[in-house]
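Going line by line, the protein sequences match chains A and B.
Sequential numbering of the first sequence, starting at 109, is according to the numbering used here.
Sequential numbering of the second sequence, starting at 109, is according to the numbering used here.
Incorrect hints may appear among the rest.
Which copy is meant is left open, because identical chains are indistinguishable; a pair holds if it fits in one copy or across any two.
[What the hints assert, rightly or not] Straight-line alpha carbon distances no greater than 30 Å define the calculated DSBU-like cross-link-like pairs of lysine-lysine that follow:
hint	residue 1	residue 2
1	Lys423	Lys177
2	Lys357	Lys137
3	Lys225	Lys495
4	Lys271	Lys391
5	Lys223	Lys344
6	Lys194	Lys447
7	Lys495	Lys463
8	Lys345	Lys130
9	Lys344	Lys468
10	Lys285	Lys436
11	Lys362	Lys477
12	Lys223	Lys391
13	Lys437	Lys338
14	Lys345	Lys468
15	Lys407	Lys344
Just so you know, the hints here were simulated from the structure itself, not pulled from any lab data.
There are 2 protein chains.
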Amino acid sequence: MISIAVLGYGTVGSGVVEVLSKNQESINKKAGEEIHLKYVLDLREFPGSPIEDILTHDFEQILNDDEVKVIAEVMGGIEPAYTFVKSALVKGKSVVTSNKELVAKHGAELLEIAKDKNINFMFEASVGGGIPIIRPLNQSLTADEIYEITGILNGTTNFILSKMMSEEGLSFDTVLKEAQDKGYAERNPEADVEGHDACRKIAILASLAFGMHVDYEDIYTEGITNISDKDMAYAKKLGLDIKLLATCKKIDDKVYAMVAPMLIDNEHPLSHVHGVFNAILVKGNVIGEVMFYGKGAGKLPTASAVVTDIVDAIKHLGRNIMSFWSTKKMELMSIDEVKFGYLVVAKTDFFPASKDSVLKIFGDVNFVKLNDYEEEIAFVTTKSSEKDLQNKLRIFERQPSILQIESAIRVG
Amino acid sequence: MISIAVLGYGTVGSGVVEVLSKNQESINKKAGEEIHLKYVLDLREFPGSPIEDILTHDFEQILNDDEVKVIAEVMGGIEPAYTFVKSALVKGKSVVTSNKELVAKHGAELLEIAKDKNINFMFEASVGGGIPIIRPLNQSLTADEIYEITGILNGTTNFILSKMMSEEGLSFDTVLKEAQDKGYAERNPEADVEGHDACRKIAILASLAFGMHVDYEDIYTEGITNISDKDMAYAKKLGLDIKLLATCKKIDDKVYAMVAPMLIDNEHPLSHVHGVFNAILVKGNVIGEVMFYGKGAGKLPTASAVVTDIVDAIKHLGRNIMSFWSTKKMELMSIDEVKFGYLVVAKTDFFPASKDSVLKIFGDVNFVKLNDYEEEIAFVTTKSSEKDLQNKLRIFERQPSILQIESAIRVG
């Protein structure tokens, strides 16, 4: 029998307790041990709940109980999670977590402690909810040198963009409100809609794939709050879809990483990922591309990944199996040199002149029109470096016939 | 340093040698050992090839070399593969294989020997080529009780069906010929187009998911040779796609498995899997659904999976980590009780009478017409048991106005 503890009885924590009870028999069989949930830590009280008798408010009680071999941290946030997890690892207890902030910020250090202590720090649930991605990157795909990972890593923004694409004329704000009403978006949606959540997740995947600590603060991040129903109409006209993509990619010996809304065509495997689903496309120099798809959030899918880690941690007590990444920070390459095309939409007070300016500044472009309305000009540029295109946009903006650039969205 | 041997220097075998050399440094790092390819076994000679010096025609030489700890069997077919693999395992050497026939037929026995000897028998490459699916089923998703696996497991047939769907009027034979010219289909395509290949793969997945030996000979298997360009036109008219799906599913306490062309709508995650790509959808009672997507065949993707197994076998010398399934054969439930809808297309010499017959026999159906042509009647039935629908089809066939049933394709 192996005793475990769960830190935090919120959505994920109660899901973990539910899954451990629901599939108790098959989980014990796979772990090769009877799993005994000895403590749940939470500051709140839960009278009448199934964990009433094992609830504790005192982390020290768990830390100092030598019977507890594995701890699941599902509180979220940096503190007190970081202090708890670190002290548990130092005490020789394996830790599994769903906490992407913690892994993105302190993953390298925590992995190193686990390695020193010959135990494990696991975080399958921190990226892609229930989708197996950390373990496949760590244990499958070992024949390959991974050179790119691109994913739809945030279900809230994918729900919003999918909805705006499928139902004409809906504004970002209207759909955000619907997502909030349905519980798909937080009351404070900033972390999702500004891309911060996806940014932390791609930082974790990049660190794992390239073996060095990628600091999420170094990652160019753009959210979806500026995407309008008109952008969606142009995308549709072009036969494209707009998705919030999180990418890290090796070019020669350098790696860049970014989070931004991108136009992709329907040949792109990620273009068919709709609603709250997530998917992660991994490219290797031997395997070509593989994609992992599923629910990226939600109580039970996330709990499924946490419990999978608990099982694996129990199977590998006293044996470190996680690849770790160096605490040395990776110098990311600037996206300035990365090549994109751009869809540009601008207001004009003289269409013919604006068209001449486009041709003069951007050269060969693909013009696109929604209707005969001549107060707006829209076009897709050929691929060029980010730096080059940003320069051209600045010049374009200053043309007398151009009133305002309304959108500039990269084409993937 | 760990010595290994490769049995068979065909497409996959030469791919394995290529991958081991190409990514040598990163592979050794992940294995935690320097991998030394000591022998390649093949009956042929390969003068001037990179393996000239390590080529042997004598399996005994490999078997009796105590330095060889891991053997990759990539010859295919049951014999001599079975004899070689079994004797290697009995000798205490771990074996990895890409051989789906071998795993489907003798997997239970070989897994048991490996367990007894505390070594491993691994077969990631036997299903889905490079797509990680065996390892995720074995090591991820352990929190879940899997109740369904449905996949597009054969790239040849998916290429043919995708092409017939995207280009109107192409017959099966024309596209098969193109697939053969492109090297996507064998000169003798029977194993692919009759569904036998997919059948062996779903037998492996079902055995792994449900823990008992599923005999592929018990699996209802229908190929795609009867799918016509007209079926494709009807499918398109209905907004559906035709895919060769391999399924195993638990209903109450019983499991059924089948391989058959199915009509699916574009909400189905597998509907966007085109060309030679494969994908496997796994459903669990906690995680909901997850999908794994990638190239299901080909030299390098398959070799990638074989080398991943080699790395894992080396990391786990002296420690068995594969879940195994019981050698006891699972009694599959007959598909008679499984419910499907059917698209039925029939020739008629009197349309109004045939329509009356449809309504009388099948009740509420959805009629579908390609044009005003009245010598053909087509409709989609509501869902009913296979047995019930087969009975109704037999009655329908005998109606005076019905000349011939041309197609009857299940709706998934």
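The hints, checked one at a time:
| no. | hint | in the structure |
| --- | --- | --- |
| 1 | Lys423 <-> Lys177 | both (11 Å within a copy, 23 Å between copies) |
| 2 | Lys357 <-> Lys137 | between (40 Å within a copy, 21 Å between copies) |
| 3 | Lys225 <-> Lys495 | neither (46 Å within a copy, 60 Å between copies) |
| 4 | Lys271 <-> Lys391 | both (28 Å within a copy, 25 Å between copies) |
| 5 | Lys223 <-> Lys344 | neither (50 Å within a copy, 55 Å between copies) |
| 6 | Lys194 <-> Lys447 | neither (41 Å within a copy, 53 Å between copies) |
| 7 | Lys495 <-> Lys463 | within (22 Å within a copy, 66 Å between copies) |
| 8 | Lys345 <-> Lys130 | neither (48 Å within a copy, 44 Å between copies) |
| 9 | Lys344 <-> Lys468 | within (27 Å within a copy, 44 Å between copies) |
| 10 | Lys285 <-> Lys436 | neither (41 Å within a copy, 55 Å between copies) |
| 11 | Lys362 <-> Lys477 | neither (38 Å within a copy, 57 Å between copies) |
| 12 | Lys223 <-> Lys391 | within (28 Å within a copy, 34 Å between copies) |
| 13 | Lys437 <-> Lys338 | neither (40 Å within a copy, 59 Å between copies) |
| 14 | Lys345 <-> Lys468 | within (24 Å within a copy, 46 Å between copies) |
| 15 | Lys407 <-> Lys344 | neither (34 Å within a copy, 38 Å between copies) |
Going down the numbered hints, you'll see the structure goes against 3, 5, 6, 8, 10, 11, 13, 15, while the others check out.
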